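K.L.:
Starting from the known structure of chain A, fit chain B onto it as the hints suggest.
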Amino acid sequence: MKLKLASLALGALMAAAAPALADLTIPALNYRTGPYAPSGIPYADGFSDYMTLINERDGGVGGERINVLECETAYNTEKGVECYEQTKGEGALVYIPQSTGITYQLIPKASADQIPIWSVAYGRTSAVNGKVFEWVFNLPVTYWDGASVAVKYAMEQEGGSLEGKKIALVYHNSAYGKEPIRTLEALSEKHGFELVLLPVDHPGQEQKAQWLQIRRERPDFVFMWGWGVMNQVAIQEAANIRYPMDKFIGVWWSGSEADVVPVGEGADGYKSLTFHGAGTDFPALQEIKTQVIDAGKGAGDGTKWGEVGYNKGVYTAAVVAEAIRHAQEMAGTASITPVQFRDAMETLEVTDEEFEALGLGGFAPAISLSCESHSSPRLAAVQQWDAEAGTWTLVSDYMEPDFEIVDPLIEEDSMAYADENGIELRCD
Amino acid sequence: MPEQLIFAMEVTLNGLMAGVLYALVALGFVLIFKASGIFNFAQGVMALFAAMTLVGIMDGQVPFSHLINAIFGTDLHHFGWHIPALLAIVLTTGVMVGLAWCVQQFVMRHLVNQPPIILFMATIGLAYFLEGLSDLMWGSEIKNLDVGLPQGINLWIDEVTFNIFGYGFFIDNLDIVATIIAALLVVSLMAFSQYTKEGRAMRAVADDHQAALSVGISLNFIWVLVWSLAGFVALVAGIMWGTKSGVQFSLSLIALKALPVLMLGGFTSIPGAIVGGLIIGVGEQLFEFAIGAPYFGGATQNWFAYVLALIFLVFRPQGLFGEKIIERV
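Heads up: the sequence lines are chains A and B, in that order.
Per full-length UniProt numbering, residue 1 is the first one in the first sequence, and the count goes up by one each step.
Per full-length UniProt numbering, residue 1 is the first one in the second sequence, and the count goes up by one each step.
Same shape as in the complex, but just chain A (with noise of 0.2 Å):
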């Protein structure tokens, strides 16, 4: 009798363990836990539930199934470290650190491994530089290419000229804060406008003096690169002194339904960059919706359905299975390895066809990644608040950065990191 319960142990165990040996591992570097949860969570839930739709729906991809592998970070360096450690050696096809900190730390540890990092619209802008930084990806966007793109956007507002005029930028004073801070200087003398510079220490409860500062000086627009409890008090003091929220445009992580929903009503008309769609009105999503968060099999609750942090797991997920695929294919084989992940998102083409076709037609635009260039498409459109219905709304095309003022700042930054480093430029 134990021998036969040791040989069902046995077989038990084996079967578990198998299909992962055979699986595609992604490791996913979440934080549900943590002060900075409510940012984290949402995103968790949409990449592993797009994961899980691909592998109930599709079998996976190219009959392999992906295998999320999850590792708690709580948004700390140390630990986002760890969790690399800890599943580098489970065949990691790439990692995604989801924090500029984990980024920087990941970059030289995960060039020396040759397992490749995408920073998906945060860590080291430079790394657009595909002839310096082998290994990192940072698309779609970079904080650069939002920074300009913000800018663009108050000029459009103000009938196509800043000249004259006041920007005040409330940062998270850190180094991902302080990311715009080049790319804003330059533009503000190329388009003659006032940069009012506004830091905020971390964790950022207390902004009074910041705002009073705002109340005095009376910007045309106030742009925002804020981070967790940050963001809440920021919206809240802005209703508080009634600047217009319609000039008040944070970053991408800036504008999610936890940095709004706790002001309420003052929050209405609230700006924020994005790079994906708002809303549940994709097939993808709804598909999401029926066959995993119904059917019990999705990562959360199902709460966070359709939220922004929620959108960029699914928009993440679907560029990574996407890249998998374009990998078989270059590999003529199922079963990738790291390099050949990376060789795939250097020729990566995601099409709006095949955008559409995978049910996010519209949700955001076409990919072209190439050997020099690691991010694409670089466009950013504004989404606004609105409180009393509780949604986003894109309120702007996708635009384009200035690329003459953000290019060169690029190049400038990757080849000081290469002369650093004495790394050879790659992609003749």
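Bear in mind the hints are in silico, worked out from the structure with no lab data behind them.
Fair warning: this is a prediction, and the values are worked out from it, not measured in the lab.
Hints are supplied without guarantee of correctness; some may be wrong.
Cβ-Cβ distance ranges computed for the label pairs, FRET-style [unchecked claim]:
1) B:His-78 <-> A:Thr-290: 21 to 31 Å
2) A:Glu-349 <-> B:Thr-12: 51 to 61 Å
3) A:Lys-297 <-> B:His-78: 21 to 31 Å
Under the rule of at most 20 Å between Cα atoms (straight-line distance), these lysine to any residue pairs were calculated in the SDA-like manner [claimed, not checked]:
4) A:Lys-297 <-> B:Leu-76
5) A:Lys-165 <-> A:Asp-220
6) A:Lys-297 <-> B:Ile-157
7) A:Lys-297 <-> B:Leu-67
A partial selection of chain A residues facing chain B, derived with a Cβ cut-off under 10 Å [said to hold, decoys possible]:
8) Arg-32
9) Gly-40
10) Val-200
11) Asp-201
12) Ile-241
13) Glu-412
Glycine included, C-beta positions come from ideal geometry on N, C-alpha and C.
P.N.:
Same frame as chain A, but now just chain B:
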């Protein structure tokens, strides 16, 4: 009147209001330190736990629903009722009293006569435990807290100051309410400690544990009482800060704002916490306005509060209102 002076007056008023909010957090530290000599590292997390519990009770959220659903495959979220704010505050106070009893019964009682550093370490453990418990009980989402407190610019002050100075001052209604509540809280706490039997017993324990024991005062009861009061103060601080920024895990970080207040006002004085809060609030806001923003690039409030506290420490190590204890060898 010069424009800069008018702005400085507005900044000073806002600094006073911000200081009151810092003082609210500092009060909880003072209560426990005064009665038991314990520096309660968990005070910030207690504010988080109290605010999460309040919102959970008000919204009829099922506690531990994520855990229950994961284990039993159920789909529980809410009971389907909404409890009025006042009743929810009373119920949350009850939960905080229960928590105080648990802390005393399961942690502090076993550490009597241990060195202060051990007790401090125990409160660090308590902080992590409470943070995890809050997450498990109520989830990690940001919650909207609306107990009916007004928010936004006070139009009366705006109008009056505009008529006088030609520039309307911005004062947040929530800050005004916080000031009134803090004043009431301090007066009540002082009256409680001066005029009630339990309050006098609390002061006796604060002065000398052994002497208090010898006259029949129950240390267990007094410490439960003190942790309960600190829990109530944490609830008040949680309501104020939670209304301002939503109830979320970073609420526990408000404790960092209380430390310079305590260093300045003294760890054993209730009025000290208030005066310390006001000095820190005004000092950091004025410094940011006059020096920090123009010459240091801004965001000086956090470090300036600590620098100010350190300067005070050099001249008055016990803080402005703390007890000066001289130990002779």
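K.L.:
Which numbered hints are broken by the structure, listed smallest first?
P.N.:
6, 13
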